[in-house]
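*Asks:* Just so you know, the protein sequences line up as chains L and U, in that order. As numbered in the working numbering, residues 1 to 174 make up the first sequence, in order. As numbered in the working numbering, residues 1 to 153 make up the second sequence, in order.
For the record, the hints were derived by calculation from the structure and aren't laboratory data. Possibly wrong hints are sitting among the right ones.
Pairs of lysine to aspartate or glutamate, DMTMM-like flavour, derived with a Cα cap of 20 Å [stated by the list, open to error]:
id, chain 1, residue 1, chain 2, residue 2
1, L, K99, L, E84
2, L, K106, L, D143
3, U, K75, U, D28
4, L, K87, L, E77
5, L, K99, L, D48
6, U, K69, L, E77
7, U, K75, L, D130
8, L, K151, U, D90
9, L, K36, U, D82
10, L, K99, U, D82
11, L, K99, U, E66
All of these numbers come straight from a predicted model, not from anything done at the bench.
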Amino acid sequence: MKRFLLPLAAFAVLVGFLAMGLMHDPREVPSPLIGKPAPAFTLPQLHDATKNFSVVDMKGRVWLLNVWASWCVSCREEHPVLVELAKTGSVPVIGLDYKDQVADGKQWLEKLGNPYILSVVDSDGRVGIDYGVYGVPETYVIDKQGIIRMKHTGPITPASLAQTILPLVKELSQ
Amino acid sequence: MKRWPGYLFIVLATSMVFAADAPPLAADEIVEKRMVAISEELRCLVCQNESLAASRADLANDLRREIRKMIVQGKTDREILDFMVARYGDFVLYRPPVKSTTWLLWGGPFILLVVGLGTLVFFLRRRNRNMSMPALSEEQRRRAAALLDQSDT
Chain L
1 MKRFLLPLAA FAVLVGFLAM GLMHDPREVP SPLIGKPAPA FTLPQLHDAT KNFSVVDMKG
61 RVWLLNVWAS WCVSCREEHP VLVELAKTGS VPVIGLDYKD QVADGKQWLE KLGNPYILSV
121 VDSDGRVGID YGVYGVPETY VIDKQGIIRM KHTGPITPAS LAQTILPLVK ELSQ
Chain U
1 MKRWPGYLFI VLATSMVFAA DAPPLAADEI VEKRMVAISE ELRCLVCQNE SLAASRADLA
61 NDLRREIRKM IVQGKTDREI LDFMVARYGD FVLYRPPVKS TTWLLWGGPF ILLVVGLGTL
121 VFFLRRRNRN MSMPALSEEQ RRRAAALLDQ SDT
C-alpha cells in the first residue's frame, strides 16, 4: 500500500493544478494600466461631433469608462445592467464607441436606451489600443485623480457590479 | 482576329487597376519584414494561441498597423515591444522578462528536472542497496569451494 502513496500524492497535486487551470478564465489578462493615469485622449462626441471630450474633463469625479460597440454581441447582454445603473445615478458612465459607425452607434442607443452621460467615437480604435482593449465590452473604474483603479473585461453582470465595481466606486468617492 | 485590340485593352486596363492598388513594395519591404519579425514575438490577445503575425483578428490588424507606423517613425524594436507591454502587459510577449512575478515560469521546468533527477537517484540507490547480497562468511565460502570441486570431478 505504502508504495502507492507517493504517486497518489503526485497525482493529487497534478489534479489540483489542472483544476486551478479550469477555474481560471484565460481571457482575463491582468491590465498593466491599473494604478496608472488613464491615457489621455480627446475624441468627438457621438451625438455632437462638433463637441469633444477629454479625460481631464472628468477630473475630480469617480467615473466609469465603458467600451462598447453596436457590433458587439456581449454588449447587448451587458447593456440592461448599465441602463439600470444609470437610473440609480450612483456613478457617471462615459461610453467609448469602439470601431463603430456613428449612425450604427446612435441607432443602437436609441433602441436599447442610453445609459451614458455621453459617448465618444473611437472610429479607428486608436484610443482602444492605448487602453489595452482586446475584448469589447470592457469597463475601467477611474478615480478623482484620473488613475485607473480597476478594469473589468467582458460584460458587467449585476453580481460583478454589486460585488466589485460599486463598492470600489463608493470607497474611491470618499 | 479583329477583336485583338479589344482584348489587349482589357488586359492592359486590368493591369493598370492592379498597379493603382498595390502599395509601393520596394519602400515597404524592409518595414514589412521588421513588422513581421516583431509581431511574431507578440501574442494576439483575441485568439491567444496565435501570434500577432499570424492572427486575422481585427485587433491584430490594427496592432500591425501601429507597429508599421512606429517602424516608419524610426522607433527601435525594444521601444515597440515596450509600447505593447505598457498596454497589454507581459502576457503579450512570447518570451516574458525574468522578474519576481515570472521566475516560477522560467525556473519551473528546471525545478521539476531537479526534483525528477533527485527522485530517480533516490530510487536507484535504494534498489541497489536491496539487491547487493551480504558477503559470504568464511564457512560458506569453504562449502561453496567444496561443492565446486565436487562438480569438477
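*Asks:* Now tell me, hint by hint, if it's right for this structure.
*Replies:* Status of the hints after comparison with the structure:
no.: 1; hint: L/K99 x L/E84; in the structure: violated (25 Å)
no.: 2; hint: L/K106 x L/D143; in the structure: violated (28 Å)
no.: 3; hint: U/K75 x U/D28; in the structure: holds (16 Å)
no.: 4; hint: L/K87 x L/E77; in the structure: holds (17 Å)
no.: 5; hint: L/K99 x L/D48; in the structure: holds (17 Å)
no.: 6; hint: U/K69 x L/E77; in the structure: violated (35 Å)
no.: 7; hint: U/K75 x L/D130; in the structure: holds (17 Å)
no.: 8; hint: L/K151 x U/D90; in the structure: holds (16 Å)
no.: 9; hint: L/K36 x U/D82; in the structure: holds (15 Å)
no.: 10; hint: L/K99 x U/D82; in the structure: violated (24 Å)
no.: 11; hint: L/K99 x U/E66; in the structure: holds (15 Å)
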